[in-house]
Amino acid sequence: MDFDFAEHQDNLIRKLYTNVQNTAEIRKVIFAAKLPFTLINPELVLDPFQLSVAMTKALYNMKEGSMMTRSFQTEILYCLSPNKNITEALTSFGSKENDSTFILIGEKQAFVQLEHQIQGKEVPLSEVSQFSKEDTIKQMYQIPNDELQNSTLLKSIVSRISSKEFATG
Amino acid sequence: MDSNVNHASAVTVNQQLFKQGAEARLFTGSFFGRKTIVKERFSKKYRHPELDERLTKERMRAELKGLMRCKNIGIWTPAVYFVGSKSNTVHMELLENVDTVNIYIGKLLMGCVDGSCDVQCTNKLKQLAEEVGITVGKMHLAGIIHGDLTTSNILIDTTNVENESTKPKLALIDFGLSHVDNSAEDKGVDLYVLERALTSTFSNIPWFFDIVLTSYRGTYTSGGEEVFKKLEEIRLRGRKRTMIG
Chain A
1 MDFDFAEHQD NLIRKLYTNV QNTAEIRKVI FAAKLPFTLI NPELVLDPFQ
51 LSVAMTKALY NMKEGSMMTR SFQTEILYCL SPNKNITEAL TSFGSKENDS
101 TFILIGEKQA FVQLEHQIQG KEVPLSEVSQ FSKEDTIKQM YQIPNDELQN
151 STLLKSIVSR ISSKEFATG
Chain P
1 MDSNVNHASA VTVNQQLFKQ GAEARLFTGS FFGRKTIVKE RFSKKYRHPE
51 LDERLTKERM RAELKGLMRC KNIGIWTPAV YFVGSKSNTV HMELLENVDT
101 VNIYIGKLLM GCVDGSCDVQ CTNKLKQLAE EVGITVGKMH LAGIIHGDLT
151 TSNILIDTTN VENESTKPKL ALIDFGLSHV DNSAEDKGVD LYVLERALTS
201 TFSNIPWFFD IVLTSYRGTY TSGGEEVFKK LEEIRLRGRK RTMIG
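In order, the protein sequences belong to chains A and P.
Quick note: the first sequence, position 34, residue 34 per the UniProt record's numbering, numbers continuous.
Quick note: the second sequence, position 121, residue 121 per the UniProt record's numbering, numbers continuous.
Bound-form chain P, shown alone:
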């Protein structure tokens, strides 16, 4: 009966681990019939208990804040269904029929002979690069710094990806290190992390990131230039600021 609330099958978490990261474990599950990802931030025994508790809470807060802000400006992010504040778990929508951009580029390149792209593959990559630039530009325009902008944290909808006339649809995930700031420095670091993620795995398509930057600037017209200057500096010195002087 639809007037009854069936809590027995309402919220489930599969015991089998889906993914394990440095900060959290991911499980799959369900929430009132909808498929979920359950992200559980675990405590780190080597940290002081109070510090550990605070960091874990801060990251969960950052995660939800960043995710909701991006959603608010029209970026595709998973829906949030339940937050367990005691166990530091977030039950969110499982995005289906998606690849990480990392895996997707790999698949595209694998279809190309000896690593060189054919026209169709090149077009797809160009479209993807453009969309990545637009998405990151939009996010930075709204003052959101992702904090861990790797190609594994950008997802692509694979349902309509064969159709060349439709733009790739991208989602952003994993906002645990995100914060709201308008500093060009932090935005530059976001771009730098993305560049490193791309060039370290796909050294044969160096033009990909150039297209990302062009469309980034096209979207983030007010501050893109300043961020580029910072990016140049960061490339010379690395992600972390020098402690000298």
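One chain only, chain A, in its complex shape:
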């Protein structure tokens, strides 16, 4: 391996919240205090494994000094995206002000500052597919039905995430 992933053990948390009343406020708190958190739109996330692949890639980019965005938080969003358009990645994969469901990824130690402010219900991340939209995902990642004869949607998604700098263009 290129670097030791064990270093990051227990350092990051991933949580799924639904029925959130104050997403706009949470976003403001994160931006204002520059808290190390990312809020992700769950409609484009099929499975926690998709997040693992993007997060591994973002960690690697950070370690290698090859991040395309300014912070690890935005790098995760960029890594989730199948193409190299940063603005598009941030708007599509980031949560929006009036979203009531989001995935939160960030540093465990800083979470105490945020946790009590979220007015919503936490659900296990393994249930994320309840909130995902397969057709939107297929469109975003440009996965034709032909491909799914011999692949699964999840495998096709993560393959695009991990190979995008090499396989596209």
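In short, the hints are calculated from the structure, not lab data.
Check the hints yourself; a few may be wrong.
[Unchecked claim] Just some of the chain A residues that point at chain P, by a computed CB distance under 10 Å: (1) Pro48; (2) Gln149; (3) Arg160.
Don't be surprised by glycine CBs; every beta carbon is placed ideally from N, CA and C.
Fit chain P to the supplied structure of chain A, relying on the hints for placement.
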């Protein structure tokens, strides 16, 4: 807890070598609980460092590009989980319960008395040949040249292989020498390499490749004929073009 990311066991690579080729070493490993093959392209000390770096990068790029294009048109290829651009490693899905077509044909023929096939064995081989032709035809139709189309780079799913009513399921691997091109010449070379791989190991079933070609043409109707003409030329002169004239 499923809300925690356990990076300690997230990405592992077994130190014991799985396979060694001329270009790369293969290790087994795991990636967030999924079994992987880790393909590491190593540098060649006899090459000029800059050239070496460039070739290695080019082949890794070719590998991912070819693999993704084939996946896109419905050909079974391993999923890609992680690419280490600095160490030139690709962590991909370990395909389980597969044989290389090479080994699979060998197993089939071993079950036959003195090398001659019984009916059941012949049927299986015919089905396999047909599926190989369809897969390669599909790939060439999409303008993908594999570049190293040997019987070791085609895998067969062995889970349902006993059932005669289901078609063999094939996967393509090792796209390091692949490129996108519509030249009949390069496609002809792909077929030639496959033919040589088959005839050099299994000289007692010369009809196998004929069936491959028939189903290839059935799939690649628009250009198969032209590729056949090239294949004839290539058979006479070998894989490389003559430098004369």
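Against the structure, the hints:
1. For the restraint placing Pro48/A at the interface with chain P, the shortest Cβ-Cβ distance is roughly 7 Å, inside the 10 Å limit, so the hint holds.
2. The interface hint given for Gln149/A holds, since its Cβ lies 5 Å from the closest Cβ of chain P, which is under the 10 Å cut-off.
3. Annotation: Arg160/A was flagged as interfacial toward chain P, and the flag holds, the nearest CB pair being 7 Å apart, inside 10 Å.
Hint compliance for this structure: every hint is met.
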